[in-house]
Each structure stands twice: as structure tokens, then as C-alpha cells.
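Chain R is fixed; fit chain Y onto it per the hints.
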Amino acid sequence: MLTEYGTKHAVHVITNHFGDLVAKVCECLLRKGPLTRQNIKRYTELSDEQVKNALLVLIQQNCVQAFTTQQPDGFADGPKANTQYVVLFDNILHRVRFAKFLTILSQEFDQQCVELVQGLLEHGRLTLKQMFDRAKSSEKEGNLVDLDSVRETLVKLVTAHYVERCPASEPLLMPISEEEGPARKKGSKSAKEQEQQSFTYVDVFCNYVLIRDQSARAIFFFCLSYNNRANYLMKISRAKIGEPETIEQQVVEAALPMEAMRFSVVTNVESDVGEKEKNSNNVTPGEKRKHDVFDLDECGVADEQSVVYRANFEEFIRRLRHKGCIDHVRAHLDDGAANVLSAMLQATSSVEKKVKTKNSVPLSLSSIYEEVIKSEAGRNMTLDHVRASLVQLGELSFVDASSDSYSIDFEKIIEIAQNEEVESVVSKRYGRDAYRIFRLLSKSGRLLETDKISDTTFVEKKDAPKILYKLWKDGYLLMEKLVVTGARQSQFLLWKVNRQILWKHVLDEMFHAALNLSLRVAYELDREKELLNLPADKRTGPLQDRYNRIRKVRILLESSQMKLDDAILLFHDF
Amino acid sequence: MSKRKRLDSNAPSDSLTDHERLIYDVIRSKQDMGIWTRDMKRELKVNLPDNIVTKSIKSLQNKSLIKEVVNIHNKGKKHLMAVEFEPSKEISGGAWYSEGSLDTEFIKVVKSQCLKQIIKVKVATLEGISDSIKRSGAFKVDLTKQQTEEIVRALVLDNQIMEVKSNGSGEFTNIPVGKVCYKNVSKGGGGGEPKTGSLASVPCGVCPQINICTPDGVISPKTCVYYTKWEAFRLWEKQPRKRWWTKRK
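Chain order of the listed sequences is R and Y.
296 is the number that the numbering used here gives to position 296 of the first sequence; each next residue is one higher, with no gaps.
647 is the number that the numbering used here gives to position 73 of the second sequence; each next residue is one higher, with no gaps.
These are calculated hints, taken from the structure and not from any lab test.
Predicted model only: the values in this text are computed from it and were never measured.
Accuracy of the hints is not assured; some may be wrong.
To be verified - Derived BS3-like pairs: lysine-lysine, alpha-carbon spacing no greater than 27 Å straight-line:
hint : chain 1 : residue 1 : chain 2 : residue 2
1    : Y       : Lys649    : R       : Lys452
2    : Y       : Lys651    : R       : Lys461
3    : Y       : Lys663    : R       : Lys452
4    : R       : Lys462    : Y       : Lys649
5    : R       : Lys481    : Y       : Lys739
6    : Y       : Lys651    : R       : Lys462
7    : R       : Lys358    : Y       : Lys769
8    : Y       : Lys757    : R       : Lys452
9    : Y       : Lys739    : R       : Lys466
10   : Y       : Lys719    : R       : Lys452
11   : Y       : Lys796    : R       : Lys529
12   : R       : Lys462    : Y       : Lys604
13   : R       : Lys462    : Y       : Lys663
14   : R       : Lys412    : R       : Lys496
15   : R       : Lys358    : Y       : Lys739
16   : R       : Lys358    : R       : Lys563
17   : Y       : Lys769    : R       : Lys473
Stated by the list, open to error - Okay, the calculated bits of chain Y under chain R, using three or more residues with CB under 8 Å as the criterion:
hint : segment
18   : 601 to 608
19   : 722 to 730
We treat Cβ as the ideally placed atom computed from N, Cα and C, and that holds for glycine.
Next up, chain R with everything else stripped away, as it sits in the complex (with noise of 0.2 Å):
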């Protein structure tokens, strides 16, 4: 959901980060849509060169993604392949949350995990080889560290899906309608292409998981060609029910790998190969086989300093997901419903197919028992603590009971905490009575008198209406005039709380909010910048006064953006 506020929040982040060459031409992105890099360089008033190494941060720091389209020619050449860029705001706002990411990792992994990642996030996209690399430079003293080691550490987060092999450099989008199947793309030129390319993946990938034998390679190939047309047919028929995609969704859509290749890493295998050889004696020792021991070594030499792996962002945001629904419910209820359904969590969250997955997969009770026992918390939970836990989360509607299984409502419990939020907002920023009747029309969802209105909330009769003005005005509710023409002309006021326009502008707020933190953060420091760069010993008395408090500030403003930002995940990302 991009808002006006959310654009200017993205340009100060990428300011803050790589300046302002790079987020004038990201601003230009965010504004102007996907454009081809002719016309940023026409919008922009930049030269080639700088439109281009922007670009090329963008890229690198998975900010930007590149894409084909192809455009109906008129001249005798036939279509034409035509590069954009499209700018992924989702992954700008993600630059301002890698503490929290990491602190995700610190709870699962080491910190050899954690440093990876954390170089990852840094630079954007690293092979195998600039990951040892950079491990090599911090290598401390008596703590070694190897090629093998760091290819373990990425397998270990490469399986763990906190990682994964970057998307295509520049996918072809393909225009969806319902006439062009995907047996009228078969005939063109870069259908061909794609095909051939899907044909060296599955090449690469079956020397790397030792599958030699050409028929198994046929079925695989099929396997994930079947996977593609049915991804295809599932996006046509998206579009038939009126779905809508956005151009951003359906170039990180188009540009993922397969799952098998996007969760794959290069792995070591000449030894195994070796060993495999040595002592395997059905295998008759001939020039085919040597040839394919070569080319395995070859290869993985090569992808090792190719394949390009990043954070993947997506498997984060499910984790904060996850972190923010336990949350939610152990202040609603109590340590035993947040146990009950982290472990809930913990049990499904391997089969979720995507962020925004609307309940979990059906869990019996004793497989919900047998999973919160697992953990420390749970280990002192009887059965019937958990049954009861369970009835708890069902009365507030967070789980789904149905014939004896449970499923989460992530959807409820997203929404209740929203709706949380808002009220928050109006009570503190209009009062009590103001907040009594934001609840009454967001609960009702429907139109209600001024009248009926304050005498259901108590709120007296001359003050309804002015509460109910201000909300209005600032866009928290929608009002209706009804006349009514009888013997007498009357004339009354009808209010409504609309969900979806006031989401966006909430969101809008919190992004605005979100910018103000920063800049004011920028502003009280650039305000004692001479104290701040004044040496230890140097700082004594009201000078050391001082400094506390302007440390003391940018810990309150700092944390307070960290909190804020948990409510723009809660509506933007959840």
C-alpha cells in the first residue's frame, strides 16, 4: 500500500543510506511507476552513468528489480524486449528493521549465523566466495575460520529458509489475459529462451543433487515445467475473479527461482564424489563418468563465485508475524495461551506458503500437547491446561475448534490488533466518549444515526455531533446526509467507520509519524554535533550533563521508531 507519506519515508531511508543521487532516482521509481532506464534518465535529469551505478545499488541492495516485457513492434524486426525497473518498496522498509531480524537469528543460531546474515544485509547480495571473504577479514585470533565452515553456516540458514539464492537478474512478464495461454507464448522466440534457460537450471541443479540418469532429469524437468503452468493457470484464473496484482508482486512473482533452486547452496561434493567412486564396485570406471566427476568440480568452483545468495526477507517477516500474534495474545490472556499457540505456531509454520496466510493447517490436541511440551515454558502444562488455553483462544474467536482440530485465525488476531491500534489513537487524540464512538460504528459496520449514535454511547446530544465532526474531518469517519421531505424538511446526519479507506490512512500517519522520528532524530544530534565529537575526557559538568541527555533522547527516539515500526508491520506486512 503505498501512500504519499510512505514514498517520502522510503526516499529518507534510501537518503540515509546511499544519498541522494540514489533516492532522487528511487523517488522517481516510487512516483512514476516501473520505468525503463531512458526514462528515468529523462525524469530525473541525470546522466547515464549516475542513472545507472543508482540503479546498481538498487540492485544490489534488492531495492530495485529489473524486468522484460516485451512490446508489439510495428517495424519488421517483431517484438521488442524492453528493460524496466520497478522499485520494492516492502524491501525498503525492511533496510529500517535488520535489528530485529538479527535478533530473530540471535534466538535460533550462532553467531557465525548471525555475522553472515548480518553481511548479507549489509552489502545486499554476496556469492559463497565474498562471504568467506568477509569472514576471513573478521577472523579473530585462535578462531579459524574456512571455506567449509561458512558453506556450512549457509546451508544451515539456507535450509532454515532465512536465506536463499537471489531472484532472476530480469525476468520476462508476461502480459496476463485470457486468451493468451501459455501455449500461444510456446511459439515465440523468448518462451524458447526461457525454456532453454529452465533446461541449464535443471542441469546445474541435478549435477549438484547427483542425478545423472537422463530419464530422471526429463521427469524433473517436467515436474517443474508442470509447476510453472500451473503457477500460470493459477495467476489467470487470479485475474478472472478480479484479484488485484500489482506490477511489483508480479516481477518478484516472476523473477523467483524454483523452490528447489531458490533453497539450494553449492554444496562440497567432490570428496563424496570421490569416496563414492573409490568405493562403489558396480559402477564400471569409464571417460563418461570422469567427465562428469570434472564437470561437478568445475561448476561448483565457478557457482561458488557466481550464485548470489541474500536475506530472505520473507521468512523475517513471518517470524515477527508469528512474534507479534504470541504477543498479542499474552496480553490479551496469559502465558499459557501464548505457549499453546507458539507451539501451534511451531507445528504449521514449516507448511505456510506465504506471509499472509490466513489460518494455519488443522492441529488435533494431542499433537498441539505433544508439541508444547517440547518447549521450556510448556514442559509444566498438564493436558487439560492446554484444553483450557484452547477454549480461551476460542472465545476470543483466535483459534478455530471444529471436530476435535484447531486452527490459528491469524486473520482475527491481525485484526484485532488493529483495530487496537486505532482506538489508541482516537481516545488519546479526541477522548473517551470519541473512542466509545469509533467502537460502537467500527463494530457496527454499517451507517448510524447522530441521534441513535450518542444515545447509545451516552455521549450528550450537543456533544455527538462535534466528536463526530472532528473524526470526520480528520478522516476517521465517512458521513452521509439524509433528507427527508415530509411536511417539514429534515435533514440527518449518518456515520460510518470504513475499514479499508481508514487503513490506509492510518498507515498513511504512521508512516508520516515514522518520518518525523527520524528527522527529529537527525536534528538533535546534527544540535549537539560539537559535543558529540568532543573526546571523553573533555566532557565535564554541564557539558557531560548535556551529553546524557542527548544520549538519553536518541535512545527514547530510536526505540519509540522501533516501536512504531511494529505497527507498520502489523499494517502494511501482516
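For chain Y alone, coordinates are given in the frame of chain R:
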């Protein structure tokens, strides 16, 4: 509800002037809705000068034939009604209004009684709450079931209680399945005080000027007085303060 008083034959209405009679008839015809003075003048069939109308109204009031009532929609307007009628709900605001104003004290007391009852029994039905209030005799007037329901609904809107449906087991054992019940909101509600959200905890979240605040405008985060005050307050809040007993020493 309006109640018509019995009229005796020697009623003062017998000794009215023509003007008074005209005005009295118009006011009386409006029954428990009463009428605003200016509307009444418009409805008179003859055009009477203002001073005569004012004089007649005074005279009718002295003879205790009409009374002035407060219209909750506009307390400034002079609203007249025949004495034998009680103002309708539209004019008086109903049971929760007293002399044209919302009886907030009374509402508060009834709310707290309902809440006490719900906390006591953990899960309560509307009938249960209504009965227990009647039995307690806490109020001089009997509250109807509808009035109790209005209060309970307001408590839900206050986020002090929540509506749940009985599942017939556990704490709902004595309540039929599917029946709407009320429960005290546990710790999340904070006793009716909404939990401060992330946006509401920063100055911009509660700022009345947020719509006119821009990075380089007259109102900007750099020049914002709310930010300055907020920072000072939060830093003061975090400072370790002296305990009262240390002062005494």
C-alpha cells in the same frame, strides 16, 4: 410515557382571554412533544403581536396551565408544554437525562453496579445482571431490562466487558449453549483504559496538527513544541526520584 391528569370542572382554563385560549390550544395540541415559542407563533391562525404573545404565555404559566420544559436538542430554545403532559423521550432524552442534561453520575453508578455483578459471577447473562440489580435495591427506581441492556452495551463499548457466546461447558455450565453472555475483559483491556498503541505513544500519533506538519514547513518535527515537551517529560519520567522517607531523614 406521558400521563394525562384528571381535569376538574373549575379548571383555570375556563377563565382565559381569547388570545390565551388560542395559544393554549396550540400548545396543548402538541401533547407531550411541546412546542418552541417561535414555531407556536407561526402556527397561530391570527397574527398576534409579540408583546401580547409574551404576556399571554406568562399569564398561562401563572395559571399553571403550561410549563417550560428543557429540550435536550437545544437547551437555549424556550419550549412550552401543557402541564398535564410529561415531556416525551425525544424532548427529555429518556431515563438517562435529568433536567435536560445527561445524568452522568447516575449512569456511572449503574455501570459500576453492573460491572461488579459481572466480576462477581465471572460470566453473566443480561437477565442475571438485571435481576441481581433489582434484588440489591441499590436504586430507588427499578431499571427495566432494556435500560440494563443499554448500560451493558455501553460497558462493552468502554471495553470493560466483552460479549461471548456460551458453549455450555466450563464456566458456562449453567447457561444454555449459544446464549449471549458478558465477561470481564481480562488484563488486555486494562480495566477499560485502552492500551496505548505504538502510534499513540509518539507525539505525532496524538498531534492535532499532524495534517499541516511537513518536513520544512512552519510546523515541522524540528520546530515541534510537542516533541520538546515529550522528550523532557519522558526523560524526567525515567529519572530516579528521591523517596519520601529520604526527605524526612
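Hints violated by the structure (numbers, ascending): The structure breaks hints 5, 9, 18; every other hint is satisfied.
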